[in-house]
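A.B. asks: Spelled out, the chains give:
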Amino acid sequence: MKGSPRGANSAPSQRPLADTTAPDEGDGVNTSPSISDSIAKTTCYMCACRCGIDVHIKDGKVRYINGNKDHPVNRGVICGKGSSGIMQHYSPARLKKPLLRTGPRGSGEFREIEWEEALSIATDRLSGIRRTEPKKLAFFTGRDQSQSLTGWWANQFGTPNFAAHGGFCSVNMAAGGLYSIGGSFWEFGEPDWENTRYFMLFGVAEDHDSNPIKIGLGKLKARGAKVVSVNPCRTGYNAIADDWIGIRPGTDGLFVFALIHELLKAGRVDLDYLLRYTNAHLLVLQEPGAADDGLFVRDADGNPLAWDRVLKTSVDAANPEAKPALTGSFEIDGRGCTPVFQLIADRYLDASYAPDAVAERCGISADTIRRIAAELAHVAFEQTIELPVPWTDWAGRRHETIKGRPVSMHAMRGISAHSNGFHTCRAIHLLQVLLGTVDVPGGFRFKPPYPRSAPPGPKPAGKSVKPMTPLGGMPLGFVCGPDDLLVDEAGTALRIDKAYSWDAPLAAHGLMHTVIRNAWAADPYPIDTLMMYMSNMAWNSSMNTVETIAMLTDRDEAGNYKIPFIIYSDAYYSETVPFADLVLPDTTYLERHDCISLLDRPISHADGPGDAIRHPVVKPDRDVRPFQSVLIELGARLGLPGFANEDGSAKYADYADYIVNHERTPGIGPLAGWRGKDGASIGKGEPNPDQLQRYIDNGGFWHHDFAPDQRYYKMANRSYLDLAVQMGFIPKAEPIVFQLYSEPLQRFRLAARGHGSVVPPNSERQRIETYMDPLPFWYVPFEEAAVDLEKYPLHALTQRPMHMYHSWGSQNAWLRQITSQNRLFVHHRTGARLGLADDDWVWIESINGRVKGQIKLVDGVNESTVWTWNAIGKRRGSWGLKDDAAESNRGFLLNHIIGDQTKADTHGRRYSNSDPVTGQAAWFDLRVRIVKCAAEEAGFTEPQFERFHEPPQHQPAPEILRFGAEFGSNREAAE
Amino acid sequence: MTCLPAHTNKKLGLVIDLDTCVGCQACVTACKEWNTGGHMAPLTDIDPYGGHVDGVWFNRVHSYEHITEMGGRTVNFPRSCLHCETPACVTVCPTGASYKRASDGIVLIDEDKCIGCKLCSWACPYGAREFDTDVGVMKKCTLCVDRIYNDNLAEEDRVPACVAACPTSARHFGDLGDPLSAVSQLVAERGGVDLMPELGYRPTNKYLPPRAHTQRAASVPATALEPVRAEGGFLGWVDRMLSN
Amino acid sequence: MHPAFSVVFFTTATGAGYGLLALLGLLGGFQVIPPDFWLGLIGLGLALGLIAAGLLSSTGHLGRPERAWRAFSQWRSSWLSREGVSSVITFIPAGLFGIGWVLFGRMDGWIAVTGFLAAVGAVITVCTTGMIYASLKPIAQWHSRYTLPGYLIFSAMTGSVLLNALLQGFALGSKLLVAAAVLVTGLGWGWKLATWRHNDHLEMPATANSATGLAGGTVRTLEWPHTEENYLLKEMGFRIARKHRVRLRQITQLLAFGLPVLLLIAAFALPWPFAAVLSALAAVAQFAGMLVERWLFFAVAKHTVMLYYGR
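Chains as they are written, first to last, in my numbering: chain S, 314 to 1288; chain U, 2 to 245; chain V, 2 to 312.
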């Protein structure tokens, strides 16, 4: 092996042979065929992971795609999806030309139109809206990776009604983390794979982020670190865990509180860490009834106070010289107060959080809970590690080593998609912080630009919406109290999705899953145009699919559609395309420019920031355009400030031009690498006309490595904080204090008690009071609390199979062969109880409806839980599949029976089926029963929907696929 | 020539770690993608978008539940050609299309000689051979013979596509005939096993069985935490800790 | 295993054909039967016709039949190749024997030698056919001491019943031959019953544990690597319901053994031409029965690869 091994799979047992000269076998095998005429390095888009890929082009066709060994995300590996990119790129479901609806909505009857006509139709419609009532445009995107552009476009247009897929996906993880520690799980942080010795993952299937977690797990396995998985389903990552804890869905919070209870009781918490990096010592006012009850006690300058146990007086909590008390009750100016930590101890030491008290509800034995707590404590406190790297903290204190407690955690969807997910996510962060394991060696680490202040910067714009006027800020942001909500005086939501209203005050990602219902019901107001991008809202990206489809096609008395106009952009003929009035066909990921931006969802590593681009590596063979360029052109045609010059001409030729030349604030643009005229700056700098070429030359990405002393304790590391300011990540080099007690939440509680200028309507007060608890707590998920558990005794979950996660896999000739029918997995004891055998067909019934599928009995699932692979079921006529495809005959979609609203409360009020704090869709709350179907009902799924017409110029799917035959001929002629 | 070589200079093969495989299918599609344009191109897919889709693949990942008195475990199990030392799939071949290379032990098919009698697939206990009905010949894993010696690839890339792709590092490649090679040592260290050794095919590829959970548990001395025994309970302990 | 008709017919037809050829060669060589032109033409025509039809049918199983000639090359290792070589070589003495018998009307001298050689070739060929199956370790039902004798016995059985029908047709039958045919059919019946009994208690030569390397406990299939059936499942995952298996075994016993025995016993007792008609019926019934038997031979054979699929 020449040179040093690169990439993830470079162990001695994974390297080429010592001598790779072909042996003289004499069998005529061509051992050195030429692979490619050229190799283009770009970024994968088969999911949200954004790995670097090398695309091998031969004879103008994509021959092969492999992982880029230098790329910080995937270090040369590639997943099942990435390796199937060719089949995505050449999918028969690709749209070919702009389409205008001719038949009824939902029929799939279209005619092809030219781009000029398509853009004129869109421009006319949108300019009318912008001239009159900009909020009548609702612009919602899916799992796209250009939200910094799309959000900014909405801002320039002047509509507050913008969001992406996060509210459906995992906003609980984002908000739970950002309001607690100024960073989050998701892909914004990662365990310290090199140093951790004990890794707990909660509710993680193939999930954000895909390959880094797999690479990391491989490292842990190779090192013998322990992996503990908390998950009702024993698949994927959970299959290789050393300890699988098959928890009952929705009870993770209880489990975590029991761990915290045990740790507190045993004194196994890191007091020093709490004092230095958290608000544990901040004094909380204890004056029931007061307008500031429960807020931090502050001095005249507004600085929060702590109680100095030596001086016996209150001191600035941020004073590094202070000796703050963590316990006790104090009086300042005659008013009672107590440190946050005392409140924490009071709450979680309560017997109701003891392992024995929660074991049955969690489905985990009390002994197991105690054992895990003991293991956590042992690794955190007995196996501490020290990196021999001196560093200096924010207060100028020099530390000779970087100390770490090698316990790390990761959590995702299983926590997020419950109506108690926000608080459960906060509970996990609380556990990490109590153990002193956030951003320390061996712990959970932030990826830049995080951490940011908790919560981070800008508040959501949209309080005032005026014609022909930009919004004045980005539509999505972080509220700090009721004053920041987007509600009118009556408490009615200003946004169509009711984000940042009393329904979902901390809706940091919006509530995409409410848009169609609210627009249909004109609640809080009617809209004119729904513009969507890359989001399958008429199928697997909605809850309650059946009614959602009906709402999309419903008409008023005059015969007009209740949602008047729908513009949709997608690259493929998904189940949503037929519901659009105007279809703007997008390109595949190999035909476009993109930027994976620090302003949006970067590809940073904990050791340094990074971003990346996509660039066209093959030319489209159809009349399609990348949506981002179309959006930029629409912006110019509409004359949006930011997209059009004074003279009305377009500011940017296309997305590539925007990526290079757009500046969000002076010096800060979509890409951070090679800025400045000469390309010598990073982070901030003038636009560099050669920037994209520099990225291409570097393999499609930019990455900056932190100095060793900047890599840990980023929340309080002077060298890091200075750099973060320089790079534009944070405004000021101030320490980021972990908010164990969340004051913003308490402000909402105070409003619920009638304090302040913005207070909730009476009907909402109890709900706000209950759920805006400043300390994390646990409550029964809403559906579980609302339904008759005798009738609906089972939890029902979904997860995407690894080879299709975040991917549009059913149109992919290779991936769909692996899974084209989903089964309902049922514990064999549950099956036996219900008299069910393998392969039986059953009705899966919820309060919202029923769907039919086939079961498979298994051992590795929580006994009260059934689950299935998500989004395998497809609607006939979509995705280029033939009518007999298993996806539309035997596969089923669980979304059909997941309600999009809660059961009516005593006032008859129904909320979105969401977390009451963030608005996160609560699709894992689902309760079902399963009933064996009648013999004549077996063998096919229901409900069935009318078959879509194919788009014009549709070419039937081939009977035989011989992809690659043209690249073969790798043997000399036979004798 | 379907008589087996008396000796192969190398025994090239794979080592697959069942303790680490998460079943992500990366090796499966990376293999498909490489090989559909590679030595045995194409890996035809019949009815690719219909209800009877049936493609040729050289590597497939099964999943099992292994239930023992220690409890249950989900095991993901990649299955491909094991490049056996005594492969009956080779000796049964009537035409000489199947052969085992004397130089490196790779079992290959010369598809120009294959008559598609399918007998080799009957003779393989492991299901490593897949018939391409479109071309009428048998196809199988080549151990990426067109990668591992390929002068047109960077030297570091000359490993089988499945090994290069595997995100969890669960796949290894090397000369299992050399007891000093990294793969042989890995097999020795982890107790790698042959599949169906009772059939006597002497597979070259080895599987590393899942490790017993107890082998890797954090070494915790106590089964539960002892509550602080100081006066004033936990809060008293906090005060004393801070006073120190 | 998938019971492809081309292979079912191939082994049944060549088995009967080689059996008949061997008997004609032997009996002719020893001049037990007369060198009658029509007997020779029809008898050898039937034997070689069955062989040729079987071989032709077998090419229907090939993906690339135009390359079938390549199959003669690997006789040193491959029973299939040996079968091919042997079957073709057998045509040489069989052809010469036929020329001698039919054209020259003689069965003595060198023609007798060719008859004996054809018989030897036929037996060798049937052995090679049997060995193709008997040598396959992954299929316990085939990799068994019952397989090779079975092929030989059934070849002798179908050959002798055919020969009897043939000679009866020419009014050349003998009680001895009828008795012999009954006896060989009885032997075949017994062998088949013994084989079935053996197979019913047969276990796979490997287990799901050894197939996956997962020691101890049970290994249950969770998910296949693909949803729809692939080549392996279509070719080696053929399943037959127990009740169908029982029914088909009954049909086999009736058609291949029971009915022929009854008809032949009746033929033994009855005068010509009744004996001839019954003998012909016995041959036809047995051939049909043997097709069912051979279909079952494939259908019940379990391949170790199905351990991976839990089937």
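Misleading hints may appear alongside valid ones.
To be verified - Label-pair distances were calculated between CB atoms; the ranges are:
no. : chain 1 : residue 1 : chain 2 : residue 2 : range
1   : V       : Glu230    : S       : Ala535    : 34 to 44 Å
2   : S       : Ser678    : U       : Pro180    : 25 to 35 Å
3   : S       : Ser678    : U       : Ala231    : 43 to 53 Å
Claimed, not checked - To give an idea of the interface, some chain V residues facing chain U are shown, with a C-beta separation under 8 Å as derived from the structure:
no. : residue
4   : Ala72
5   : Ser74
6   : Gly85
7   : Pro139
8   : His199
9   : Asn200
10  : Ser211
11  : Gly217
Keep in mind the hints are simulated off the structure, nothing from the lab. From the three backbone atoms N, C-alpha and C, an ideal C-beta is built for every residue, glycine too.
A.B. asks: Give a verdict on every hint.
C.D. replies: Hint by hint, here is what the structure shows:
Take glutamate 230 of chain V and alanine 535 of chain S: their Cβ atoms lie about 37 Å apart, and the range 34 to 44 Å holds. Evaluation of the 25 to 35 Å hint for serine 678 of chain S and proline 180 of chain U yields a failure: the beta carbon distance comes to about 46 Å. The beta-carbon spacing between serine 678 of chain S and alanine 231 of chain U, approximately 29 Å, falls outside the hinted interval of 43 to 53 Å. The beta carbon of alanine 72 of chain V comes within 4 Å of a beta carbon in chain U, closer than 8 Å, and the hint placing it at the interface holds.
Contact between serine 74 of chain V and chain U, as hinted, is supported at the beta carbon level, the nearest pair being about 5 Å apart and thus within 8 Å. Given hint, glycine 85 of chain V at the interface with chain U, holds; its Cβ is 6 Å from that chain's nearest Cβ, closer than 8 Å. Interface restraint check: proline 139 of chain V against chain U, minimum CB-CB distance 4 Å, threshold 8 Å, status holds. Taken as an interface hint, histidine 199 of chain V does not check out: its beta carbon lies about 19 Å from the nearest beta carbon of chain U, beyond 8 Å.
At a threshold of 8 Å, the smallest CB-CB gap from asparagine 200 of chain V to chain U is about 17 Å, leaving the interface hint violated. Interface hint at serine 211 of chain V: satisfied, since its Cβ lies 5 Å from the closest Cβ of chain U, which is below the 8 Å cut-off. With a least beta-carbon distance of about 5 Å to chain U, the hint placing glycine 217 of chain V at the interface is held under the 8 Å criterion.
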